[in-house]
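My request is simple: use the sequences and hints to build the entire structure.
Protein chains in written order, with our numbering: chain A, 529 to 841; chain B, 529 to 841.
Be aware that a few hints might be false.
The list makes no distinction among identical chains, and a pair is therefore deemed to hold if it is satisfied within one copy or across any two copies.
With a cut-off of at most 16 Å between alpha-carbon atoms, the simulated EDC-like pairs for lysine to aspartate or glutamate come out as follows [stated by the list, open to error]:
id: 1; residue 1: K576; residue 2: E785
id: 2; residue 1: K650; residue 2: D734
id: 3; residue 1: K696; residue 2: E645
id: 4; residue 1: K650; residue 2: E785
id: 5; residue 1: K650; residue 2: D764
To be clear, the hints were calculated from the coordinates, so they are not data collected in a lab.
2 protein chains.
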Amino acid sequence: MTTLLISADSNLDDWMDAWREAAPHRPVVCHGRAPYDPAAIQYALTWKPPAGALNALPNLKVAFNLGAGVDAVMADPTFPSHIPLVRLVDQDLTNRMGEWVVLQVLTHFRQTLGYLELQRTKTWRDLTQPAARSARVGLMGYGTLARHCTPILRGLGFNVHGWARGPKESDITLHHGEEGLANFLARTDILVCLLPLTEATRGILDAKLIGQLSRGTPVGPVLINAGRGGLQNEADILAALQDGTLKGASLDVFNEEPLPATSPMWDAPNLIITPHVAAITDPASAVGNIVEQIDAFEAGAPLQNVVDRGHGY
Amino acid sequence: MTTLLISADSNLDDWMDAWREAAPHRPVVCHGRAPYDPAAIQYALTWKPPAGALNALPNLKVAFNLGAGVDAVMADPTFPSHIPLVRLVDQDLTNRMGEWVVLQVLTHFRQTLGYLELQRTKTWRDLTQPAARSARVGLMGYGTLARHCTPILRGLGFNVHGWARGPKESDITLHHGEEGLANFLARTDILVCLLPLTEATRGILDAKLIGQLSRGTPVGPVLINAGRGGLQNEADILAALQDGTLKGASLDVFNEEPLPATSPMWDAPNLIITPHVAAITDPASAVGNIVEQIDAFEAGAPLQNVVDRGHGY
Chain A
529 MTTLLISADS NLDDWMDAWR EAAPHRPVVC HGRAPYDPAA IQYALTWKPP AGALNALPNL
589 KVAFNLGAGV DAVMADPTFP SHIPLVRLVD QDLTNRMGEW VVLQVLTHFR QTLGYLELQR
649 TKTWRDLTQP AARSARVGLM GYGTLARHCT PILRGLGFNV HGWARGPKES DITLHHGEEG
709 LANFLARTDI LVCLLPLTEA TRGILDAKLI GQLSRGTPVG PVLINAGRGG LQNEADILAA
769 LQDGTLKGAS LDVFNEEPLP ATSPMWDAPN LIITPHVAAI TDPASAVGNI VEQIDAFEAG
829 APLQNVVDRG HGY
Chain B
529 MTTLLISADS NLDDWMDAWR EAAPHRPVVC HGRAPYDPAA IQYALTWKPP AGALNALPNL
589 KVAFNLGAGV DAVMADPTFP SHIPLVRLVD QDLTNRMGEW VVLQVLTHFR QTLGYLELQR
649 TKTWRDLTQP AARSARVGLM GYGTLARHCT PILRGLGFNV HGWARGPKES DITLHHGEEG
709 LANFLARTDI LVCLLPLTEA TRGILDAKLI GQLSRGTPVG PVLINAGRGG LQNEADILAA
769 LQDGTLKGAS LDVFNEEPLP ATSPMWDAPN LIITPHVAAI TDPASAVGNI VEQIDAFEAG
829 APLQNVVDRG HGY
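Written out as structure tokens, the structure is:
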């Protein structure tokens with residue numbers, strides 16, 4: 529009944545404390561801290577585990593990912609295909625992502641960078657400002673995070689639509705599949721990417737995609753990515769910002785993190801960089817969810833939010 | 529049946545065009561452009577009219593203000609007390625104000641200025657970030673604009689409460705009156721001021737008020753003012769930003785506008801200045817509302833949003 533914490537993150541104590549608080553009756557050990565018996569491990573809490581580490585646990589029942597993106601675990605070919613991998617779906621994480629997405633949409637739409645520059649030069653001048661109802665926000669990747677953002681963005685007055693891999697129920701217009709992508713992009717002034725990183729999505733944010741975005745509002749098109757850096761062709765994004773094909777962008781993630789000080793992205797015009805902080809997992813909130821899942825699982829309930837190995841998320 | 533446009537703003541053509549579009553059968557004249565018969569004027573569309581101008585219209589039935597704040601008309605002692613003055617309540621104006629308020633709340637809460645400075649120095653480092661549920665946004669002045677912001681801010685996860693002059697119906701906690709103000713401020717991390725400017729509110733945003741705000745979150749207290757510059761004691765706000773009593777502020781309005789280039793406010797730390805653009809009135813939208821009101825008024829319906837002369841708004 530032992531749980532193993534196996535994470536590449538530095539805040540291991542926070543996770544261990546959260547676990548002991550939420551499940552004092554469930555023993556927990558931390559990979560890399562002290563020896564443990566691999567055969568005793570039934571559950572793993574994992575974030576970017578070293579390749580092969582999960583395969584070394586013969587009695588592992590479930591692996592719980594400690595963030596929304598499971599691309600690091602999926603990239604480990606030794607991860608046993610019969611072990612369910614559970615994505616973290618957590619209200620705290622969802623809320624934080626919503627804060628970041630709505631902030632970035634409004635920052636570009638209301639021209640914060642332009643006004644900060646006017647302020648720096650002590651210039652009192654207004655910039656042409658359309659109303660939110662004249663702009664269309666496109667949510668690319670329509671899962672829990674996008675669903676959370678939709679009513680907030682609509683409450684602000686934006687037109688919101690989405691794109692998903694396959695058809696889904698939704699109360700907004702949802703384009704889907706390869707064939708729906710061009711229509712979606714042509715109707716999007718502000719693109720918010722919340723896609724998982726899979727073999728199908730790697731590098732999808734490139735010049736071809738950017739070139740298909742609507743140019744129907746003076747403050748767009750804008751690219752906002754809170755998914756994974758691997759979705760980005762950063763040379764293409766940089767070029768699009770430099771030549772004005774993109775009016776602005778916000779990127780929380782990069783192909784190489786930390787973004788090297790030598791990267792030209794730091795100085796790209798109208799680019800807002802945040803250091804992979806859009807939605808940081810709160811250990812107490814996430815562990816609470818996971819312990820509830822384990823209790824239900826042991827009582828016979830099916831696991832929620834299990835990764836589909838075929839789709840990779 | 530003639531309507532008079534009498535505005536200190538520069539976009540008179542936009543208003544005249546909007547009127548002719550919305551009410552082609554209703555003659556309209558523009559003050560200062562060509563002579564007109566004062567006795568023919570029944571309705572006035574007005575924005576910061578010169579003192580005495582409205583008093584010169586013997587058959588004026590209603591004056592419609594072309595913005596949310598009526599302090600300029602109220603300051604004219606010759607404005608006849610028997611003429612109803614109608615405030616502009618317009619969904620477009622409300623939406624734009626919502627965009628600006630939510631943007632400013634998130635900008636400070638998610639530390640945009642801090643991250644822009646880290647980006648400038650090519651530094652990949654995260655700042656301690658609480659979740660929205662740990663912060664309390666206080667809406668001071670709880671009318672149409674605040675009511676619009678409430679569900680959006682709650683959707684983002686913030687705790688929202690308000691303060692109003694007198695008791696009002698609301699589904700959030702609403703403090704009221706002089707006696708409720710201290711309680712309201714002590715429970716507010718991010719103060720959003722949407723008050724009208726009256727003799728009771730002039731200079732209310734001063735050191736005494738700022739000193740009462742909660743210091744319960746590392747990113748607060750924050751002061752956001754989209755009301756009128758006359759609400760502000762700007763020397764007190766500057767000092768509070770300089771000594772850290774305020775962690776941040778966003779001001780769209782100032783005692784003197786345009787803000788003079790010599791003002792020390794331009795360089796105040798963690799202050800975001802926008803040049804009175806939070807919610808610009810869209811002539812087409814506003815005129816549509818006003819023509820509807822006139823049609824209803826002539827059919828015998830009572831006027832909506834009439835200013836209470838006693839309260840001054």
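A quick look at each hint next to the structure:
no.	hint	result
1	K576 to E785	within (14 Å within a copy, 54 Å between copies)
2	K650 to D734	neither (37 Å within a copy, 24 Å between copies)
3	K696 to E645	neither (42 Å within a copy, 41 Å between copies)
4	K650 to E785	between (36 Å within a copy, 13 Å between copies)
5	K650 to D764	neither (34 Å within a copy, 20 Å between copies)
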